Amino acid sequence: MSRDAFNPPDAMPLREALRGLRFLLRRGGETIAETVNVEALPKPASDLASAMLREAGGLARTVDEMTSGVAKTVLGGQKSPSAPLKDMIGGPNAGAEFAVAVYVALSTVLRHLGAPTVLVSEAAARSAYGNLAPITAETSVEKRAADLTFCLLDARVMRGTTAQEAALVPGAALEAASIFAVMLWLQSARSQDENEAALAAATDMAVALAPEISRAVAGKDASRIEELYRRYVPHV
Amino acid sequence: MQAGSRNFTEDMCPMSEIRPNPASLPPTNEPLRIAVRRLRWFKVAFQGFVDATGRDLGCTLEIDDVKLAAAFMRWLTSIEIQKPADKSQRKDFFEFAAALMLRELTADMPVKARGPATLADPGSAAAFWPEGYCCTMFCLSVHTAAMEQEFHAHTTLDPAIDDLRHWWSFRENTLQDASFSSGFLQMLLGHQPNWMMPDVFRARIQSDLTVQ
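Residue numbers (this note's numbering), protein chains in the order written: chain Y, 1 to 236; chain U, 1001 to 1212.
Please keep in mind that the hints were generated in silico from the structure rather than gathered at the bench.
Note that the structure is a prediction, hence the values are computed from the model and not measured.
Ideal Cβ placement from N, Cα and C applies to all residues, glycine included.
One thing to keep in mind: the hints can contain errors.
SDA-like cross-link-like pairs, simulated, lysine to any residue; straight-line CA separation at most 20 Å [as the list claims (entries may be wrong)]:
(1) K1091/U x V1200/U
(2) K1067/U x S46/Y
(3) K1083/U x R231/Y
(4) K1067/U x A197/Y
(5) K1043/U x N195/Y
(6) K1083/U x P234/Y
(7) K1043/U x E194/Y
(8) K1043/U x P234/Y
(9) K1043/U x L168/Y
(10) K1043/U x H235/Y
(11) K1043/U x E196/Y
(12) K1043/U x T1028/U
(13) K1067/U x P44/Y
(14) K1043/U x D193/Y
(15) K1083/U x R230/Y
(16) K1067/U x E212/Y
(17) K1043/U x R111/Y
(18) K1067/U x H235/Y
Only some residues are given here: those of chain Y computed to face chain U with a beta carbon under 8 Å [to be verified]:
(19) D193
(20) E194
(21) A198
(22) M205
Given these sequences and hints, build the entire structure.
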C-alpha cells in the first residue's frame, strides 16, 4: 500500500470522548465538593464521601494525563490551524480544520475570560461547519463568518456555560461573545507569531461588544453580526 | 517651530525629567496610522509605555485590560464618525485623533497607580497625576511618531506642558467632562481649542480659522 493511499483513522471522536469524560469528572467532583459538607457528615458517611471524592479526583487526574498524553503522542498535537477563514473555507479538509481551530481558540478564549472549565465540543464545531448553507463565490467572508457563528451556537459547541459565574462576561452573554471572538480572530490578517496576541485582542473586543453581540444573537440578526465583523476585523 | 514651543527631542519636562518617547513604541511592518488602529499593537504599545513610565516615576502602574479595550473601541468609533471626507483636512485630523484618544482614555481611566511616584519631582505633573500624565504622554508619543512618518512633521509642544496649573485644571475638569481632555491635548500641541466643543473636529476647524 502506498503512503498516499493510507488514511489514518479519524481521532476526533476519541478526543471528544476523553474530553467529555474529563469534563464530567471535574464538574462532578466540583459539584459534590460545593454541595456536600463532608466534614459535617456523621461517620461512616463522611469516610465514604471522602473516599469517593478522592477516587473521583484520582480518576479526573488520570483522564487528564491520558488526554494530554494521547493527544500529544498517539493522536498528534492539537496545534490550531492558523489560516485565515477565507483560505480555510472550501479546502479539502475544511470541516476538520475549522473544528480544530475553533476548539483550540475557543478553549483559549474561555481561559482568558475566566471560564476555563466550560466544555468545548470539537465534534459540534465540525457538525456546525457541515450545516453551513451552500455558498456562492460572491458570498463575502463576513457573511460566511456570521452564518458560521449561528451554526456554532445552534450546534451547542460550548457546554456548561450556565454553571460558570467567574467569567469576565456574564453567563448569558458568554457563549455568543466567546464564539464571536474566535470568528473575529479567524478572519483577521495575522502572522504565526501574532496568533496569540490577535486572539487576545479579538477576545477583548468581544468583551467590549458583548451587549451588542447578545442583542444581535437574541434577535437572530445575522446581518448585524456580519456588519460587526466587517467593521472590526481590520482592527484586531 | 512656534515661538516658545519645544521639540520632543529636547529636554522639555525639567520638573520630572520624564518626556514623551515616540521611539519606545513597538516596531511594526505597517504604517503607524494602520498599526495604532489594531488592538493587538495598541495593547503592546500601551503596556510597554506604561511599564516604562512606571519605572521612570518609581511607582507601579497597573492596566485594566477591559477598560483599555473599551477605550480603544470608543476611540475607533469616534474617529470613524468624525473623519472628514475632505482630504485636505487629513493632517489636522491626525492631530485631532490623538486628542480623541486622550478623551477616551481619561473617560474611564485604564491605568491605576499603586502608590506615589517616588522618583518624580514632587512639584511635577507626573507626581501630581501619574495616570493622566502617562496617558497624555502616550498620546503625544503616538502622535509624534505618526506625524513624523506620514508628513515628516516635527511635533512641537506648548510651554503649558510644564505648568502644573494646567495639569490641575486638566484633572479637575476631565473628571467632570472627559471632552476637556481633547482640548488639553490640542493646547499642548500649540492650538487654541474650542473649549465649548473641544472634542468636535468641525468646531475645532472653525475655531482655528477664527483665530487666524
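Hint by hint, here is what the structure shows:
no.: 1; hint: K1091/U x V1200/U; in the structure: holds, 16 Å
no.: 2; hint: K1067/U x S46/Y; in the structure: violated, 47 Å
no.: 3; hint: K1083/U x R231/Y; in the structure: holds, 15 Å
no.: 4; hint: K1067/U x A197/Y; in the structure: holds, 17 Å
no.: 5; hint: K1043/U x N195/Y; in the structure: holds, 14 Å
no.: 6; hint: K1083/U x P234/Y; in the structure: holds, 17 Å
no.: 7; hint: K1043/U x E194/Y; in the structure: holds, 13 Å
no.: 8; hint: K1043/U x P234/Y; in the structure: holds, 15 Å
no.: 9; hint: K1043/U x L168/Y; in the structure: holds, 18 Å
no.: 10; hint: K1043/U x H235/Y; in the structure: holds, 12 Å
no.: 11; hint: K1043/U x E196/Y; in the structure: holds, 13 Å
no.: 12; hint: K1043/U x T1028/U; in the structure: holds, 13 Å
no.: 13; hint: K1067/U x P44/Y; in the structure: violated, 52 Å
no.: 14; hint: K1043/U x D193/Y; in the structure: holds, 16 Å
no.: 15; hint: K1083/U x R230/Y; in the structure: holds, 18 Å
no.: 16; hint: K1067/U x E212/Y; in the structure: holds, 17 Å
no.: 17; hint: K1043/U x R111/Y; in the structure: holds, 19 Å
no.: 18; hint: K1067/U x H235/Y; in the structure: holds, 17 Å
no.: 19; hint: D193; in the structure: violated, 11 Å
no.: 20; hint: E194; in the structure: holds, 6 Å
no.: 21; hint: A198; in the structure: holds, 5 Å
no.: 22; hint: M205; in the structure: holds, 6 Å
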